[in-house]
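Asker: Residue numbers (the numbering used here), protein chains in the order written: chain A, 1 to 401; chain B, 1 to 401.
It is possible that some hints are incorrect.
Which copy is meant is left open, so a pair is good if it fits within one copy or across any two.
[Stated by the list, open to error] Straight-line distance between alpha carbons at most 25 Å, and here's what the computed DMTMM-like set of lysine to aspartate or glutamate pairs gives:
1) K11 x E250
2) K193 x E286
3) K211 x D283
4) K398 x E313
5) K398 x E344
6) K296 x E213
7) K186 x E5
8) K290 x E55
Hints are computed from structural coordinates only; laboratory data are not their basis. If you're wondering where the values come from, they're calculated on a predicted model, not measured in any experiment.
Number of protein chains: 2
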Amino acid sequence: MQYAERMSRLKASDIRDLLKLTARPEVISFAGGLPAPELFPVEELKAATIAVMDEAGTTALQYGQTEGWAPLRAQIAQRLAKKNEIHTDPDNIMLTAGSQQGLDFCGKMLLNPGDVVIMESPSYLGAINALEPYQPRFVEVPTDENGLVMEELDRILATTENVKLIYVIPDFQNPSGRTWPLERRKQFMEILKKYQVPAIEDNPYGDLRFKGEYQPALKSMDPEGLIIYMGTFSKILAPGYRLGWICANEEFITKLNLIAQAAVLQTATITAMVVSKYLEMFDVDEHVEKIKAVYKHRCELMIDTMRKTFPPEAKFTDPDGGLFTWVEMPDYINTRELAAKALEKNVAFVPGSGFFPNGGNNSCFRLNYSNQPDDRIVKGITLIGEVLKEAIAEHAAKTGA
Amino acid sequence: MQYAERMSRLKASDIRDLLKLTARPEVISFAGGLPAPELFPVEELKAATIAVMDEAGTTALQYGQTEGWAPLRAQIAQRLAKKNEIHTDPDNIMLTAGSQQGLDFCGKMLLNPGDVVIMESPSYLGAINALEPYQPRFVEVPTDENGLVMEELDRILATTENVKLIYVIPDFQNPSGRTWPLERRKQFMEILKKYQVPAIEDNPYGDLRFKGEYQPALKSMDPEGLIIYMGTFSKILAPGYRLGWICANEEFITKLNLIAQAAVLQTATITAMVVSKYLEMFDVDEHVEKIKAVYKHRCELMIDTMRKTFPPEAKFTDPDGGLFTWVEMPDYINTRELAAKALEKNVAFVPGSGFFPNGGNNSCFRLNYSNQPDDRIVKGITLIGEVLKEAIAEHAAKTGA
């Protein structure tokens with residue numbers, strides 16, 4: 001059987017494959033970016049569903065428009081204005097089956113084979129995977145503790161042809177947990193203006209800030225409409241609905257709508273109506289506060305345990321929000337091997353290499369702190385600490401250090 | 001702004017754009033392929049949702065596996081065996097956000113730009129649109145009252161290079177309403193075996209046979225695994241969930257899973273669980289019987305009214321199931337112009353040209369009979385009859401006939 005050329009670029013996601021292994025209840029998994037399920041507002045969403053079915057069941061179960069349920073798009077526009085200082089018309093918003101679908105659609109819209117996509121180094125593994133089928137060349141921009149290094153971005157844009165898209169996560173980045181300060185955001189928008197390249201601002205975690213000061217969205221500083229902003233209900237409500245949105249200028253939205261028509265007709269009507277009804281019946285911000293309190297505690301407990309149990313060679317980030325911390329080990333450590341050893345002890349994490357579009361970087365890994373209760377965080381991190389220390393000791397024995 | 005080359009192939013779907021216009025309540029629409037909403041089992045689906053939320057709410061709202069909720073895949077496998085004589089393992093099934101997504105994924109898997117896709121002439125407009133972004137060359141196979149003409153297919157395959165995919169709807173085809181008899185199905189499988197080309201069997205309407213004799217699915221005669229079978233809950237339950245499935249050999253399913261991981265991570269967990277619970281709690285076949293009785297009646301009423309009110313120049317199909325009948329007018333009639341005139345009288349149908357991958361064929365149109373009550377069927381068809389007669393009379397006056 002002959003397949004399309006693009007298929008040679010697709011490989012199984014480390015995370016999705018790990019999710020299968022970590023479904024065993026004895027495994028303490030820090031691998032997925034899974035929200036805490038015990039915080040899902042099950043009763044509230046059930047009540048919202050019952051209300052939708054009682055009030056407008058036949059509409060909810062029928063086909064609808066490609067751009068998505070209009071009242072929900074209006075609610076999203078209101079929330080973007082209130083929370084992110086993004087002032088937009090509901091018609092500049094289209095619903096997607098999670099941000100992952102938005103990434104696929106943007107790749108389809110913008111990329112010919114061989115075109116360049118610029119990404120932070122490291123960046124979200126799922127974004128790399130979403131864009132791979134469009135056969136781009138990935139160029140990585142170095143990052144530091146404040147995120148993407150703007151001088152490097154400027155230099156790359158000045159010297160690279162066919163850059164069609166920049167992909168960034170300025171808030172609590174996946175996988176690093178880092179956030180860009182205001183000055184960098186301003187610099188980024190200046191650079192974007194200078195080179196007139198569109199950029200995706202992926203912001204799944206922005207609402208989950210549990211420390212430090214709010215930083216404005218790039219989209220709120222974007223008079224030229226170069227930012228394609230992506231949001232999702234996966235982290236503030238529930239990922240099981242697969243419901244996100246794209247906010248972008250009219251030209252992009254028109255094209256993305258054509259793509260959505262062809263690829264999937266529309267996002268599920270009932271899902272959009274249930275979430276819309278939930279937002280009408282309940283206070284989502286109150287719910288987000290509960291999530292933040294739990295994630296803050298879990299993050300602090302994890303970082304604290306890492307400080308106590310990880311070897312001094314391990315460097316890690318201390319995020320102000322979101323779901324992840326990022327660990328860098330000495331170059332001689334291979335975290336893919338360590339992940340296998342940890343899994344033998346029933347602990348899981350994602351090795352870091354997959355977060356680099358061009359591979360390499362085998363000595364880092366990502367930890368998720370949102371999904372496990374306290375005792376399992378302490379137990380799991382302690383076990384990983386042991387695995388790390390063993391690896392360091394082995395290396396020392398081998399090199400006679 | 002520079003877009004990907006594939007974007008030049010995308011245009012708005014006639015149907016999706018008409019759906020917006022026909023949202024006005026005064027419009028009698030035979031345009032969309034919309035099921036009768038009054039038949040949706042709203043109370044039953046509400047009960048199923050409540051049961052899922054009560055029994056496994058946190059699972060339903062969490063991320064799940066890319067291939068989809070395992071119990072539902074097992075239920076689909078059982079149903080395929082019972083209804084379609086397709087004996088398959090649940091692992092040969094993956095869930096999709098409707099068959100439209102399955103079509104997009106198959107295009108991604110199989111097509112390089114310039115590759116050939118073979119389709120019935122006419123064929124489903126949505127399938128053409130789904131494959132367009134992969135920049136294929138479409139080759140159309142003539143059809144007659146028994147569907148695709150197999151000798152023509154054989155001739156085309158013998159003389160055409162780079163054929164990567166065949167797309168067919170053997171049961172109650174969209175748009176023609178025609179069904180292939182057994183002999184043609186056998187011939188098709190022989191031809192497929194001879195040329196070893198994969199084919200999509202799109203079967204959204206197969207369960208909706210209200211007349212005549214059951215014909216076996218191509219997939220049930222496919223020992224070589226060349227058929228990629230697509231099914232959906234849109235027409236037997238509700239399209240608002242966006243839930244369909246692909247049944248195919250292991251190699252295809254593995255590749256389609258990689259594509260789904262990259263494009264959308266997974267189909268919504270909760271949707272799959274609700275439909276699974278519905279199938280467990282209620283008798284879907286009993287529900288399908290109700291749908292069939294209503295559609296049989298509406299189809300007969302529409303055909304009867306067409307016989308009474310359409311001019312003798314109009315030729316149309318008399319389907320044994322599904323949702324559509326297809327009207328062919330003399331060559332001098334332009335149905336895009338007639339559709340505009342009909343819309344002035346608040347009646348809508350889809351002009352036929354869009355159902356031909358390479359355009360042309362401006363004298364035909366598609367009528368849907370599932371979505372309107374009796375009085376509106378009679379009124380709307382009578383109005384269309386007037387529009388058709390006016391057009392015939394105008395032509396006669398012009399040519400002095």
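Asker: The structure should be examined with respect to each hint, and the outcome stated for every one.
Answerer: Quick rundown of the hints versus the structure:
1. In this assembly of identical chains, the alpha carbons of K11 and E250 lie at most 25 Å apart only when taken from different copies (16 Å versus 34 Å within one copy).
2. For the identical chains of this complex, K193 and E286 are neighbours neither inside a copy (37 Å) nor across copies (61 Å), given an alpha-carbon limit of 25 Å.
3. In this assembly of identical chains, the alpha carbons of K211 and D283 lie at most 25 Å apart only when taken from the same copy (22 Å versus 52 Å across copies).
4. Taking identical chains as interchangeable, the C-alpha atoms of K398 and E313 lie at most 25 Å apart only when both belong to the same chain, with a minimum of 17 Å there against 90 Å between chains.
5. In this homomeric assembly, K398 and E344 come within 25 Å of each other (Cα to Cα) only inside a single copy, at 23 Å, whereas the closest approach across copies is 84 Å.
6. Taking the shortest Cα distances, K296 and E213 sit within 25 Å of each other inside one copy (14 Å), while across copies they are farther apart (64 Å).
7. Neither within a single protomer nor between protomers do K186 and E5 lie at most 25 Å apart by alpha-carbon distance, with minima of 39 Å and 32 Å respectively.
8. In this assembly of identical chains, the alpha carbons of K290 and E55 lie at most 25 Å apart only when taken from different copies (23 Å versus 30 Å within one copy).
Checked against the numbered hints listed earlier, the structure breaks hints 2 and 7; every other hint is satisfied.
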